[in-house]
Amino acid sequence: MPAKTAKHAKHQPAKRRHRRVSAAVVAGLGLIAGGLAGVTASPAEAAASVSGTVSTGGLVLNVRKEARTGAARVGTLLEGAKVTIMCQVKGNPVSGTVRSTDLWDMIASGMYVSDAYVKRPATPLPLCAPPTPKSGPTTTPAVGTSGWVLPVPAAMNSGFRTVDRPSHNGMDLAIARETPIKAAHAGVVMRAFCNVSAGTCDTDGSLSIVGCGWSLEIRDDEGITTRYCHMVRRPTVVPGQRVAAGDLVGFVGSSGQSTGPHLHFEIHTAFPATIENAIDPFPYLKAKGVPVR
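Its first residue numbered 1, the sequence shown is counted upward by one per residue in the working numbering.
Treat the hints as calculated values from the structure; they're not laboratory data. Just so you know, these numbers come straight off a predicted model, no measurement behind them. Hints may contain errors.
Stated by the list, open to error - Calculated cross-link-like contacts (lysine to aspartate or glutamate; reagent style EDC-like; alpha-carbon spacing at most 16 Å):
#1 Lys90 - Asp102
#2 Lys288 - Asp220
#3 Lys119 - Glu79
#4 Lys65 - Asp202
#5 Lys288 - Glu222
#6 Lys82 - Asp102
#7 Lys65 - Asp204
#8 Lys65 - Asp164
Claimed, not checked - With beta-carbon atoms standing in for the labels, derived distance ranges:
#9 Leu78 - Thr203: 42 to 52 Å
#10 Ser146 - Arg233: 45 to 55 Å
#11 Arg161 - Arg242: 37 to 47 Å
#12 Gly57 - Ala122: 17 to 27 Å
#13 Gly199 - Glu178: 46 to 56 Å
#14 Pro166 - Thr269: 17 to 27 Å
#15 Thr162 - Gly70: 14 to 24 Å
#16 Arg73 - Thr123: 51 to 61 Å
#17 Lys65 - Pro291: 15 to 25 Å
Don't be surprised by glycine CBs; every beta carbon is placed ideally from N, CA and C.
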């Protein structure tokens with residue numbers, strides 16, 4: 001069992017003339033992005049996303065909710081707009097100004113644009129396809145009327161920005177190693193990555209290491225983003241995957257800046273998750289009817 005005093009210091013990821021257009025618009029979905037505000041990618045996560053540039057020949061590029069031309073349009077991008085590509089999915093084929101392809105790019109908003117209109121490095125990108133979940137307990141907690149659940153069945157043993165830990169931007173839930181971690185709400189996986197200042201996430205961490213270890217971020221349709229830190233191994237979900245509240249997303253560990261098995265859990269009012277938009281998870285969960293203690 002974990003020590004009730006498992007601690008880790010900071011849990012931010014370690015050191016990362018409008019033109020007239022025709023009535024026709026090109027297929028796709030995306031978000032203008034200049035990287036994660038206030039966050040520098042660590043070497044371990046640097047390959048998790050790439051930058052691209054919209055190239056449509058002067059038309060606007062549709063941003064869509066799903067990876068297909070008939071999906072709901074949620075915005076548009078102008079020629080030359082920068083996008084951050086998290087991963088790719090297969091959708092309907094599109095012939096564009098850059099290439100002909102059935103691949104669609106999931107960008108930092110969790111939405112999609114056709115890769116046919118995006119200039120990017122030639123290096124293949126990961127597919128937004130879920131891997132087979134690892135074996136382990138799969139009991140799903142009851143989902144309340146609010147649609148939220150407690151990610152692990154444990155009491156809080158360290159709170160949000162306390163007097164002795166003013167830079168602690170979440171809550172700690174101390175519980176045994178390998179305890180299944182559940183998605184606290186429905187949404188889209190935005191990042192699943194290793195975040196450490198040195199070494200690997202596949203071993204227990206220490207206070208001398210900076211970073212969250214094996215980590216995960218999920219964004220809901222309103223922009224609320226939850227972060228799950230210190231997993232024992234790579235999360236069981238991948239960027240672009242949609243999850244429901246209570247779905248298995250990983251297992252408790254002690255990777256990164258940690259002294260014992262526990263889940264460090266954060267809630268942010270927007271994505272990217274930053275120090276500025278972090279809020280206290282305890283009262284938020286209470287207000288959602290989640291039995292946190």
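For each hint, the structure was consulted:
no.	hint	verdict
1	Lys90 - Asp102	6 Å, holds
2	Lys288 - Asp220	14 Å, holds
3	Lys119 - Glu79	11 Å, holds
4	Lys65 - Asp202	34 Å, violated
5	Lys288 - Glu222	15 Å, holds
6	Lys82 - Asp102	21 Å, violated
7	Lys65 - Asp204	38 Å, violated
8	Lys65 - Asp164	43 Å, violated
9	Leu78 - Thr203: 42 to 52 Å	46 Å, holds
10	Ser146 - Arg233: 45 to 55 Å	30 Å, violated
11	Arg161 - Arg242: 37 to 47 Å	31 Å, violated
12	Gly57 - Ala122: 17 to 27 Å	21 Å, holds
13	Gly199 - Glu178: 46 to 56 Å	21 Å, violated
14	Pro166 - Thr269: 17 to 27 Å	19 Å, holds
15	Thr162 - Gly70: 14 to 24 Å	50 Å, violated
16	Arg73 - Thr123: 51 to 61 Å	29 Å, violated
17	Lys65 - Pro291: 15 to 25 Å	33 Å, violated
The structure fails to meet hints 4, 6, 7, 8, 10, 11, 13, 15, 16 and 17 from the earlier list, while all remaining hints are met.
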